[in-house]
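Chains as they are written, first to last, in numbering that gives the first Met the number 0: chain A, 0 to 206; chain B, 0 to 212; chain C, 0 to 315.
The set of hints was computed from the structure by calculation and includes no laboratory data.
A hint or two may mislead.
[Stated by the list, open to error] Which residues of chain A face chain B? A partial, calculated answer using Cβ under 8 Å:
(1) L45
(2) V142
(3) I163
[As the list claims (entries may be wrong)] Quick look at which bits of chain C chain B covers, simulated, 3 or more residues with Cβ under 8 Å:
(4) 84-94
(5) 99-106
(6) 264-270
Beta carbons are placed, not taken as given, at the ideal position from N, Cα and C, and that holds for glycine.
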Amino acid sequence: MTWFLRNWPDVLFSLWEHIAISLTALIIAFALSLVIGVVAARREKLYGAVMTLSGLLYTIPTLAFLAFLIPVVGLGRTNAIITMVAFSLMILIRSVATGIREVPADIIDAARGMGMNKAQIMRRIELPLALPLIVAGLRVSAVTVISVTVVAAYVNAGGLGTLIFNGIASDHPAKIWTGALTVCLLSVIVDMGLALLERRLKNRRAA
Amino acid sequence: MLADAWNYVLTHPAQFYRALGVHVALSASALIIAALICIPAGIAVARRNGLSLAVVNVANIGRTLPSLAVLALVMPILGTGFTPALFALTLIALPPIVTHTIVGMRGVDADAVDAAIGMGMTRAALLWQVELPMAMPVIFAGLRTAAVQIISGAVLAAFIGGGGLGDFITAGIAMMAVPQLLVGAIPVALLALGTDFLFGALQRRMTPQGLRA
Amino acid sequence: MITLDRLTKSFGGSAQSAVDGLSLTINTGEICVLIGPSGCGKTTTMRMINRMVEPDSGRIEVGGRDVTKIDAVELRRSIGYVIQQVGLFPHMTIGENVATVPKMLGWDSARIAKRVDELLALVHMDPSIYRDRFPRELSGGQKQRIGVARALAADPPVMLMDEPFGAIDPITRARLQDEFLRILRELGKTIVFVTHDIDEAIRMGSRIAILRNGKVVQYDTPERILAHPADAFVEAFVGGDRSLKRLALLTAGPYVESGTPAAGAPHLPSTTPLRDALSAMLDAGVNEAGIVDAECKPLGRITLQTIQQAAAVARS
Numbered sequence: 000m001t002w003f004l005r006n007w008p009d010v011l012f013s014l015w016e017h018i019a020i021s022l023t024a025l026i027i028a029f030a031l032s033l034v035i036g037v038v039a040a041r042r043e044k045l046y047g048a049v050m051t052l053s054g055l056l057y058t059i060p061t062l063a064f065l066a067f068l069i070p071v072v073g074l075g076r077t078n079a080i081i082t083m084v085a086f087s088l089m090i091l092i093r094s095v096a097t098g099i100r101e102v103p104a105d106i107i108d109a110a111r112g113m114g115m116n117k118a119q120i121m122r123r124i125e126l127p128l129a130l131p132l133i134v135a136g137l138r139v140s141a142v143t144v145i146s147v148t149v150v151a152a153y154v155n156a157g158g159l160g161t162l163i164f165n166g167i168a169s170d171h172p173a174k175i176w177t178g179a180l181t182v183c184l185l186s187v188i189v190d191m192g193l194a195l196l197e198r199r200l201k202n203r204r205a206a
Numbered sequence: 000m001l002a003d004a005w006n007y008v009l010t011h012p013a014q015f016y017r018a019l020g021v022h023v024a025l026s027a028s029a030l031i032i033a034a035l036i037c038i039p040a041g042i043a044v045a046r047r048n049g050l051s052l053a054v055v056n057v058a059n060i061g062r063t064l065p066s067l068a069v070l071a072l073v074m075p076i077l078g079t080g081f082t083p084a085l086f087a088l089t090l091i092a093l094p095p096i097v098t099h100t101i102v103g104m105r106g107v108d109a110d111a112v113d114a115a116i117g118m119g120m121t122r123a124a125l126l127w128q129v130e131l132p133m134a135m136p137v138i139f140a141g142l143r144t145a146a147v148q149i150i151s152g153a154v155l156a157a158f159i160g161g162g163g164l165g166d167f168i169t170a171g172i173a174m175m176a177v178p179q180l181l182v183g184a185i186p187v188a189l190l191a192l193g194t195d196f197l198f199g200a201l202q203r204r205m206t207p208q209g210l211r212a
Numbered sequence: 000m001i002t003l004d005r006l007t008k009s010f011g012g013s014a015q016s017a018v019d020g021l022s023l024t025i026n027t028g029e030i031c032v033l034i035g036p037s038g039c040g041k042t043t044t045m046r047m048i049n050r051m052v053e054p055d056s057g058r059i060e061v062g063g064r065d066v067t068k069i070d071a072v073e074l075r076r077s078i079g080y081v082i083q084q085v086g087l088f089p090h091m092t093i094g095e096n097v098a099t100v101p102k103m104l105g106w107d108s109a110r111i112a113k114r115v116d117e118l119l120a121l122v123h124m125d126p127s128i129y130r131d132r133f134p135r136e137l138s139g140g141q142k143q144r145i146g147v148a149r150a151l152a153a154d155p156p157v158m159l160m161d162e163p164f165g166a167i168d169p170i171t172r173a174r175l176q177d178e179f180l181r182i183l184r185e186l187g188k189t190i191v192f193v194t195h196d197i198d199e200a201i202r203m204g205s206r207i208a209i210l211r212n213g214k215v216v217q218y219d220t221p222e223r224i225l226a227h228p229a230d231a232f233v234e235a236f237v238g239g240d241r242s243l244k245r246l247a248l249l250t251a252g253p254y255v256e257s258g259t260p261a262a263g264a265p266h267l268p269s270t271t272p273l274r275d276a277l278s279a280m281l282d283a284g285v286n287e288a289g290i291v292d293a294e295c296k297p298l299g300r301i302t303l304q305t306i307q308q309a310a311a312v313a314r315s
């Protein structure tokens, strides 16, 4: 406890690094997934391929994935971000595509009957109605990304994992505790926040 | 690169198989222990509304905790090695199994349960002949999720001295030796994929014929 | 024989009792229909008989035995139980579903197999086709037939049926009602049947108990309830066309008089309900109808006046 009080600027810095990396990865992944997800949503074969591939890749353990990238991009932040973007993409593409597919066919039919073109339908009907599912995917991605960032500290990416690894290496329990508890807190807060958002969105769209 | 990795395995068979063995042992044990705790607990809790909700909420929080953080938190208390790693991995497996068990049990068709009680089934017969078979697909999905998560977490066990294939990866990173990296990463990836596939097949097998879509 | 004696039940926090000092006697072999508006306590009452709901006070006797003194599980195995959504076990075949109670009672497999086939044939579903199918492959009407077959499996003397045909389309429902009336009468079961449909009650019931606010308002045969409703509530409940409903219960046969019908009069079989005969006369704009037998040989005629007299007589 005393260690924390004396060193909280460092903890804060690690926290800030952690959030920065995670957020960067998430934003990139979200943008990419919107594009790919929208394209894949209504194309049967592409949808099937995307679902299978993402399911497969998601099963690969995080550290293994990071390891696979080392011969390609070496250590460091780039490696971490690529890994995080990859994992988030897998989740988000599924959420976007499935969310769009789940929009009831009769609503789309009504929209088309009113004279909306495909882009308008996507922008004003499909995406808004798919939002709860997309946010659900964001929630899982955010938690995943925070988790990956912890491990990524081992490949010199920074973040709260650094505290944990330093603590393990120097047998310094206070560091381990601080790092681990802080990242757990971060994860829980982000999850709850997005859960609240998800629920609010669902209520507004309840028929 | 791959050739080098393969070479490494051939020249260090004992080391490799031991790591593989530890990895599988850790994963399997954690899964079995977690299942033995969570499935009965989930069944017991499922009938009570308030308690179910509380347990699921706590479990959901547990799910969001980064695996490495859980492993790290265990270390100052239990030390390093196989047992602390096993403990942490079991903890990680608890949330998915218990939530799936509760959701599965609560999702059983209420009319089938009413009819069964009305026909004079004892509580035990109701559980074994109606509720469990109907909840099995969901419960098994939970086991599948947990299995993959455990194998993934077991890789990280290397950081707290738990052994397993993660050791090769950490060694490879420390020495910047790609063959060793791959010796760790490829088998573990295959292990995860294989387990997911195996559980998927088992899940299909365990779904009673009448419930298959 | 089922006796309900001053049953009371209220559900937590509610000031109004769901069942309020209800008493009823059902004779062996009768179909007793419990009917009333939503919340009148009909389903709760039925579910107290097999102790799916425990009464707060009062006694229930089935076959002379106080049900609270019998083990609930054993009691339920001796009472057939059919609910609106049927509740077939989706993971078991039709055959396994029907065999549930016999298996619990420890019958040997040969006896069970024979009984399953017997019952499937009884509800007009070919055993060789349906025995090994699964519930999800069945239509609503078929599911309900299996529900009844399952309830009959151990040959219980008493059956409880809670709106069994409620979830079925009207055409299939009429057919099922006729079929089951025949089967159940043939088997001589004592039946407690809950419904909210007065036409179904009139069709199916030996006696109808009209419930309101947890009490029995009137308990009598359909004819007498239609002829002499106990109060304004029952009168409104059975509907403004109760005379016509009564005429639907009488057939033309006994009211035939000699004589040839006038030209333009409709010709109807002797099994025609008086209500339909009246309707046919109105359609044709005449005061009488010719009645013929099964081979279409004329038996005589029936007049509007006779029908009016029939209605008046039934009223007394």
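When the hints from earlier in the document are held up against this structure, which numbers fail?
-> 1 and 6
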